[in-house]
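Student: Residue-level listing of the chains:
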Amino acid sequence: MSKYVKVATKLTDIDCLEAALKDSGLPCERNTVAHGWGRARQQADLVVRKKHLPQGCLGDLAFVWDERLGAFNLVMDELDGRRSGVQTVLSRLPQRHAYHRVMKQARSQGLAVQQVTEQGGVVQVVLRGA
Amino acid sequence: MAYTITVNIDEQGNVSLEVKGIKGAGCEKVLRPFEQLGKVVEEKKTAEYYQAEVGITARQQ
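The listed protein sequences derive, respectively, from chains A and B. Each residue of the first sequence is one higher than the one before, starting from 1 at the first, in the numbering used here. Each residue of the second sequence is one higher than the one before, starting from 131 at the first, in the numbering used here.
There's no promise every hint is true.
[Stated by the list, open to error] Listed below are several chain B residues computed to face chain A (Cβ distance under 7 Å; list not exhaustive): (1) Ala132; (2) Ile139; (3) Asp140; (4) Gln142; (5) Ser146; (6) Leu147; (7) Cys157; (8) Pro163; (9) Gly168; (10) Lys169; (11) Val171; (12) Glu173; (13) Lys174; (14) Lys175; (15) Thr176.
[Said to hold, decoys possible] In the DSS-like style, the derived pairs of lysine-lysine whose C-alpha atoms are separated by at most 27 Å in a straight line are: (16) Lys150/B - Lys6/A; (17) Lys104/A - Lys169/B; (18) Lys10/A - Lys159/B; (19) Lys51/A - Lys6/A; (20) Lys159/B - Lys6/A; (21) Lys174/B - Lys22/A; (22) Lys159/B - Lys169/B; (23) Lys10/A - Lys153/B; (24) Lys22/A - Lys150/B; (25) Lys174/B - Lys159/B; (26) Lys159/B - Lys104/A; (27) Lys150/B - Lys51/A; (28) Lys104/A - Lys22/A; (29) Lys6/A - Lys174/B; (30) Lys159/B - Lys51/A; (31) Lys169/B - Lys51/A; (32) Lys169/B - Lys6/A; (33) Lys22/A - Lys10/A; (34) Lys159/B - Lys175/B; (35) Lys150/B - Lys174/B; (36) Lys22/A - Lys159/B; (37) Lys175/B - Lys51/A; (38) Lys153/B - Lys51/A; (39) Lys150/B - Lys175/B; (40) Lys104/A - Lys153/B.
Quick caveat, the hints were computed from the structure, so don't treat them as lab data. Model, not experiment: these values are computed from the prediction. We treat Cβ as the ideally placed atom computed from N, Cα and C, and that holds for glycine.
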């Protein structure tokens, strides 16, 4: 090893966020209105419709760009956010989003993917360059 | 020169990268695009980093 770097990531890339949600079997719609419980409405960058979420959810799951944060913010009904099925999906998002960002960067740098493995909750990707 | 980058991604989305096969500061160039994925929170250089990249030096007359 000649150098080691650790980078903390945030949900910043809409393509990778969409890919991460698809990994959990959730199709998305872009730049549309999210529907919450009752008459609640919110313009959002990325929306997963209620029908795709675990049974009993009251509204859509939405992501809205937060300029101050420099990342996407999750917007959803508070009760839905406490459902275990939703929490499982949300807990996987940071890792899956980061994985797709790494792959996107690897492609743009012309690096070959030699191996992808997962152990103990950590995804390992080995890239090869020339 | 062939090199590998081993990337470990934890559940919080922290990305750890290790370069092997590049001596000297060349690994900086290889890692820089990945450092832009977020905020660098840890950085280490090892013995291989400080080895010479190329062992040929041209002497001007």
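Student: Next, verify each hint and record whether it holds.
Tutor: Do the hints match the structure? See the list:
1. Ala132: 5 Å, holds
2. Ile139: Result: holds, 5 Å to nearest chain A Cβ.
3. Asp140: Since the shortest Cβ distance to chain A is 5 Å, the answer is holds.
4. Gln142: 6 Å, holds
5. Ser146: 5 Å, holds
6. Leu147: 5 Å, holds
7. Cys157: With a minimum Cβ separation of about 4 Å from chain A (threshold 7 Å), the hint on Cys157/B holds.
8. Pro163: 5 Å, holds
9. Gly168: 4 Å, holds
10. Lys169: Since the shortest Cβ distance to chain A is 5 Å, the answer is holds.
11. Val171: With a closest approach of 5 Å, the Val171/B hint holds.
12. Glu173: Where the cut-off is 7 Å and the nearest Cβ of chain A is about 5 Å from Glu173/B, the hint holds.
13. Lys174: Interface hint status for Lys174/B: holds (4 Å vs cutoff 7 Å).
14. Lys175: 5 Å, holds
15. Thr176: Status holds, d = 5 Å.
16. Lys150/B - Lys6/A: 15 Å, holds
17. Lys104/A - Lys169/B: Within the cut-off at roughly 18 Å; holds.
18. Lys10/A - Lys159/B: 23 Å, holds
19. Lys51/A - Lys6/A: 38 Å, violated
20. Lys159/B - Lys6/A: It holds: about 16 Å lies between the C-alpha atoms, which stays within 27 Å.
21. Lys174/B - Lys22/A: 35 Å, violated
22. Lys159/B - Lys169/B: 17 Å, holds
23. Lys10/A - Lys153/B: 31 Å, violated
24. Lys22/A - Lys150/B: Distance of about 33 Å is beyond 27 Å: violated.
25. Lys174/B - Lys159/B: 15 Å, holds
26. Lys159/B - Lys104/A: 17 Å, holds
27. Lys150/B - Lys51/A: Violated, at roughly 47 Å.
28. Lys104/A - Lys22/A: 16 Å, holds
29. Lys6/A - Lys174/B: Within the cut-off at roughly 9 Å; holds.
30. Lys159/B - Lys51/A: 46 Å, violated
31. Lys169/B - Lys51/A: 36 Å, violated
32. Lys169/B - Lys6/A: Distance ~8 Å between Lys169/B and Lys6/A Cα, so the pair holds.
33. Lys22/A - Lys10/A: 18 Å, holds
34. Lys159/B - Lys175/B: 14 Å, holds
35. Lys150/B - Lys174/B: 13 Å, holds
36. Lys22/A - Lys159/B: 32 Å, violated
37. Lys175/B - Lys51/A: 50 Å, violated
38. Lys153/B - Lys51/A: Answer violated: Lys153/B to Lys51/A is near 53 Å, above 27 Å.
39. Lys150/B - Lys175/B: 12 Å, holds
40. Lys104/A - Lys153/B: 26 Å, holds
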